[in-house]
Amino acid sequence: MDFQGRDVVSINDFTLEEINYILDVAEGMVPAAKGEEVLDLIPGKILAMMFYEPSTRTMLSFETAMKRIGGKVIGFSDVRATSTAKGETLADTIKMVEAYADVIVLRHDREGAARMAAEFSDIPVLNAGDGAGQHPTQTLLDLYTMRSELGYLRKKSIALVGDLKYGRTVHSLTYALAKFGANLHFIAPEALQLPPEVVSHLEKRNASFEVHEDLSDVMGEVDVLYVTRIQKERFPDIEEYNKVAGAFRIDTESLTGAKKSMIIMHPLPRVDEISPDVDGTNHARYFQQAFNGVPVRMALLSLVLGADLGVLR
Amino acid sequence: MRKELKISAIRNGTVIDHITSGMALKVLHILGLDEDPPTSTVSVIMHVPSRLHSFKDIVKIEDRELKKREPNRIALLSPHATINIIRDGEVAEKHHVRPPREVVDLASCENPNCITNSREPVSTRFKVIRKEPMVLKCVYCGREQDVCIERLE
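Read top to bottom, the protein sequences are chains V and G.
Using our numbering, the letters of the first sequence map in sequence onto residues 1 to 313.
Using our numbering, the letters of the second sequence map in sequence onto residues 1 to 153.
Read the hints as simulated data drawn from the structure, not as lab findings.
C-beta atoms are modelled at their ideal positions from N, C-alpha and C, and glycine is treated no differently.
Worth double-checking, as some hints may not be accurate.
What the hints assert, rightly or not - In silico lysine to any residue, SDA-like type, Cα no more than 25 Å apart, as pairs: (1) V:K165 / V:G151; (2) V:K95 / G:S118; (3) V:K179 / G:D105; (4) G:K67 / G:V42; (5) G:K137 / V:G131; (6) V:K204 / G:V42.
Said to hold, decoys possible - Here are the computed distance ranges between Cβ atoms for each label pair: (7) G:K67 / V:M96: 45 to 55 Å; (8) V:R270 / G:D36: 53 to 63 Å; (9) G:P112 / V:M96: 41 to 51 Å.
Start from the sequences, fold in the hints, and give me the full structure.
Structure below.
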């Protein structure tokens, strides 16, 4: 499988085999991701981080990932300090940055920014989130977390909970899980259910999915509870928000009847949709999930930069 | 008796036939034929009984042959239209418009936050995911949308 020079814009650009291959490579990166081994897979290569929107986990884990495989990092995370503040277009900035680096990681507030950047750039562009659009590296680390915890995803029951309408991680993950043949459950208030185009995509693929409005409907059968933040700003009325947010809050009590092996994931940041008392249970995996961003991004960067992976265990 | 005699035949120009019933005025709009100052005499016949589609619209444009890209725009609104180029009273050329597989630089994206709606130097591009009624999917932001005449460029 040849990934050298490829852009990573949408999870839909990858086949199931390619996704599994990336996750296999990520597994081999774990010792170096933890700092137990030192890798020098891409000596002299430079990653340019272009962050037009704030980020904590994605930015830091990409930076760590690049350094853990022996590369260097340049970039910005404050647009006010760049020529963008003077009116430079993204297209022009991309054409300049590609002359300074070997790979670009881009986060932008507009949907489609990464696809456009990839067209203007001769070096690979990795999408780290484009507005409410795609966030493929988050999807890959989510899949990695599920696969490493469950072994395989086919026929596994996976519940996505919270804001399924606007959450960018949810749509990418839904497409990918359908590819893997998982049984999907969507749990959200009616106003925040999946958009019709995502539902029609699932129907076309004959994916197995059910829609619920109550978490307790599925608590006993799910293998993964993937929780997302319900964004306050989506509600015109704060009362309405409080009602909805309260109904989808996970605490130890709401986990009654769950399988012992069930895991809880969250792309973070959480506000109060998962109570801190869940952190100490055997179900919590969200901090492990955040760590998994490092090996997965190490794998992606190595692959698109054409690293020789023969040294990996 | 020939049906077209309700409005007389043209000697030179273009007859757009088999326009989806009710779409004739929109076709005029996207061809810029409803603008001032007028450049051609245009006849519009609406709701003509049709063998193929029960009713159709017809547009006749005198002394003007459609330019190369113009039929593509018509296909967005009326996928079964035919373009007849008339010279010296005879049909010199006849084309069926074909719904394209991709629509490039003809319409803007309905998503205000799409990168194509910013000041970036990028053309809009859509995949045609359904032909009738036409549904487009933006290659950049992924939004699925109907063809909206206000967004045709």
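message: Can you confirm whether the C-alpha distance between V:K165 and V:G151 stays at or below 25 Å?
response: Distance of about 29 Å is beyond 25 Å: violated.
Hinted pair V:K204 and G:V42, Cα distance within 25 Å: The given pair, whose Cα atoms are some 45 Å apart, is violated under the 25 Å limit.
message: For a C-alpha distance cap of 25 Å, please report whether V:K179 and G:D105 respect it.
response: violated, 32 Å
message: Looking only at beta-carbon atoms, does the pair G:K67, V:M96 fall within the given range of 45 to 55 Å?
response: Violated - the Cβ-Cβ distance for G:K67 and V:M96, about 38 Å, lies outside 45 to 55 Å.
- request: Confirm or reject the claim that G:P112 and V:M96 have a C-beta distance inside 41 to 51 Å.
  value: violated, 27 Å
query: Is it true that V:R270 and G:D36 lie within 53 to 63 Å of each other by Cβ?
result: holds, 59 Å
- prompt: For the pair supplied as a hint, G:K67 and G:V42, is the alpha-carbon distance within the 25 Å limit?
  reply: holds, 16 Å
message: For a C-alpha distance cap of 25 Å, please report whether G:K137 and V:G131 respect it.
response: Judged against 25 Å, a Cα distance of about 17 Å means the pair holds.
- request: Decide if the proposed pair is consistent with the structure: V:K95 and G:S118, CA atoms, cutoff 25 Å inclusive.
  value: holds, 18 Å
In terms of the numbered hints stated before, the structure departs from hints 1, 3, 6, 7, 9, listed from lowest to highest.
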